[in-house]
Amino acid sequence: MMTTIASAAVVLLLLWLALWTVVARDAFLAVAGFVVYGLLLSLVWVRLAGIDVALTEAAIGGGLTGALLLGAVGRLRGTENEVAAEAAGAGTRALAALLAVGVTAALVLGVLMLPEPVPTLAPLVVPNLPATGVANPITGVLLAFRALDTLLEAIVLVIALIGVWSFAPDRAWGGRPGPRYQADPDGILAYLARVLPPLGIVIGIYLFWAGADHPGGKFQSATILAAMWMLVQMAGLSDAPRTDHRGLRAGVVIGPLAFIAVGVLGLWTAGAFLGYPDGWAKPLILVIEIALLPALVLVLALLMNGPPSRVGAAR
Amino acid sequence: MNVETLFALAACALVGIGLYGLIAQPHPLRKLVAFNIMGSGVFVLFGALAKRGAAAGLAADPVPQALLITAIVVAFAATAVTVALLLRLIDSTGSASLAEPPAKD
Chain R
1 MMTTIASAAV
11 VLLLLWLALW
21 TVVARDAFLA
31 VAGFVVYGLL
41 LSLVWVRLAG
51 IDVALTEAAI
61 GGGLTGALLL
71 GAVGRLRGTE
81 NEVAAEAAGA
91 GTRALAALLA
101 VGVTAALVLG
111 VLMLPEPVPT
121 LAPLVVPNLP
131 ATGVANPITG
141 VLLAFRALDT
151 LLEAIVLVIA
161 LIGVWSFAPD
171 RAWGGRPGPR
181 YQADPDGILA
191 YLARVLPPLG
201 IVIGIYLFWA
211 GADHPGGKFQ
221 SATILAAMWM
231 LVQMAGLSDA
241 PRTDHRGLRA
251 GVVIGPLAFI
261 AVGVLGLWTA
271 GAFLGYPDGW
281 AKPLILVIEI
291 ALLPALVLVL
301 ALLMNGPPSR
311 VGAAR
Chain U
1 MNVETLFALA
11 ACALVGIGLY
21 GLIAQPHPLR
31 KLVAFNIMGS
41 GVFVLFGALA
51 KRGAAAGLAA
61 DPVPQALLIT
71 AIVVAFAATA
81 VTVALLLRLI
91 DSTGSASLAE
101 PPAKD
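Chains as they are written, first to last, in the working numbering: chain R, 1 to 315; chain U, 1 to 105.
Isolated chain U, as found in the complex (with noise of 0.2 angstroms):
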């Protein structure tokens, strides 16, 4: 087996690691890593792509790599506003529940 099936391989299942995270753990905080670990996998399959593109002298295909650059800028800006959404939610609730607030009669 290549280098680059290796490591999408894995990329599938890191996806899919991160999606049971995504969903199994309760706290927000726990979610964003597990969604980051998603994303991460995501990223890797993309890079495999990549590498198997390699052609003309290059060990990999540039224009998916520079869209990973990318990427991994925009994922790093998105979780940045989401600690900043969970930080302002305790900060007003004093909970970091995410749980539907019991209904007042």
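Bound-form chain R, shown alone (with noise of 0.2 angstroms):
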């Protein structure tokens, strides 16, 4: 009973948020409310017994994703009042509403007519996880039963940051993204940019290998480490790396390419592409879990510096 009524506060909680981010006065209030939002997210995550995913959106959902949407937030200051003369009419808005009804509605409908008995998966798993060596279920799915889909997000990382990076004008192609952050070295951020990274970089390697038996995994791990180099970069303790240095770009590529190494080495080995040989699934998830965590880091942090912008040097 209390479960039930703490989650239906949530619930509402949630909503209301929702509501809230989509009906703001600014475009500031918005992101704020949507960061808010993807913290309680992970709440709903840890509610629906899914803690790998509940750590999962805190760090990307509601951690990257916020401070990316904050720091647009800053550079469209002055945009704002020029897009409002824009905003739809009231015909508009309530046909919006109509159809936003109308999906939920539908939605609704689908829930409860779901499918008795439910279909699971989760009978095939547990028998067979033993099989990978690695007692965590979802690192199981992700790293072994349905490997080809990991493989094919890291494919999607690298393509969306081909796609960020190629909004660069011409002049700053191959120079750094964004702009040279600049703090008092001597203010908090720099001091916190100096005692955080240690503790966070331990965690994450902690989180990263604590994945193979307990929630956590090579996603929340990279999120924190690229965190703590945005840190770094936004305390001006360091610059964001030039975006045509090869061993960055090398780095960004070799995650993906031990991926499909590894794919390709089962055809022969275990019959099949990203098939894995028996007694040798752990050792080899291992390798790609290490070929794939900096190659995270790297294209999670990147992601977040933007495209180049400033003129590189000349060549």
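Don't take every hint at face value.
With a Cα cut of at most 20 angstroms, we get these calculated SDA-like pairs of lysine to any residue [as the list claims (entries may be wrong)]:
(1) U:K31 - U:V81
(2) U:K31 - R:V101
(3) U:K31 - R:D26
(4) R:K282 - R:Y206
(5) U:K31 - R:V73
(6) R:K282 - R:A210
(7) U:K31 - R:A210
(8) R:K282 - R:D149
(9) U:K31 - R:R75
To be clear, the hints were calculated from the coordinates, so they are not data collected in a lab. Because the structure is a prediction, the values reported are computed rather than measured.
Could you use the hints to bring the two separately framed chains together as a complex?
Written out as structure tokens, the structure is:
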């Protein structure tokens, strides 16, 4: 009973925040609301028994996305009033509301008519998990049973980075992204940027290693490590990397390439792309994870940095 | 009502709220935030279905949960590309307007 009341309270707060974020007066309020919304969403994942998802949501959904949007709001000041003049008329808004209610009603109908017995793959995952050598079923799914999805995701991230970089003006191509942050070297930001990264790196690597058997994994870990790097950059202690740096570019693609290499190896050793030969699952999963982690850290941080914007050195 | 049905119904409302914001808000950044809310509604619905699939001693079906982690990361990547596109639009036109520019005769 208590848990139902707690869940109902979370739901009410969630819906109220979502509504507030959508109708808020200006973009800054909307984004601030969205960050809180993301954190609340992590609570929802905990209630839905998805600790791994909750960690990802808190780190990426609320954290990185929120920071990205806040950065964008800062640069959008001044465009808001002009666009506000183009606000949809009352008729359009009423139609939009009608459409939204219609879609919600259709989904609710779907939820109320869900099939029984419940379709689930859990009974297939549990007996096959020992063969993968990992104890966290989510990690088993991500890197063994549905490894193809994870491979495609790693590739999508690289494509997204190429997409972001391609928005650079011609003269800035290969240069450094974003502004060079300046902060008071004796200020609290610079202090935190010196104190937090060692802790963040330890927590990040712990999450990475614990992900095999407990909630955690490379995505959550990579987000924390990328956040530490962003913190160091924002405190002005180090600059964003040049985007034409060969080592950087190699680091971005080496993770997916190692993943593909292991997959192709499986064609010979296990008879299927991304198959693992008996007894080799755990070491091969480890190879993929270790190759993917730095690539994910780089891609997440570079996506946060945005397209190159400062003119590169003369070449 | 059990917890997964409660959150599944809330997810339906989140999709609706996000859809309304996507249409009604004129500013592209507001549309992006609304779209993310709509997406999170889809995720929560999927997560509620995962919870429904609890079986074999697991508290939830791990397959949809693993896909959710993938989905959240991909949603972030797509948001980053959209933000970059939007900032480029402002850099090149000086405006965030998505309206058709007035026709020149």
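Hint check results:
1. U:K31 - U:V81: Holds, at about 14 angstroms.
2. U:K31 - R:V101: This hinted pair holds, its Cα atoms lying about 18 angstroms apart.
3. U:K31 - R:D26: Satisfied, since the Cα-Cα distance of roughly 12 angstroms is no more than 20 angstroms.
4. R:K282 - R:Y206: Distance ~18 angstroms between R:K282 and R:Y206 Cα, so the pair holds.
5. U:K31 - R:V73: 13 angstroms, holds
6. R:K282 - R:A210: Roughly 14 angstroms between the alpha carbons, so the hint for R:K282 and R:A210 holds.
7. U:K31 - R:A210: 38 angstroms, violated
8. R:K282 - R:D149: The given pair, whose Cα atoms are some 18 angstroms apart, holds under the 20 angstroms limit.
9. U:K31 - R:R75: 16 angstroms, holds
The earlier numbered hint that this structure contradicts is number 7, and it is the only one.
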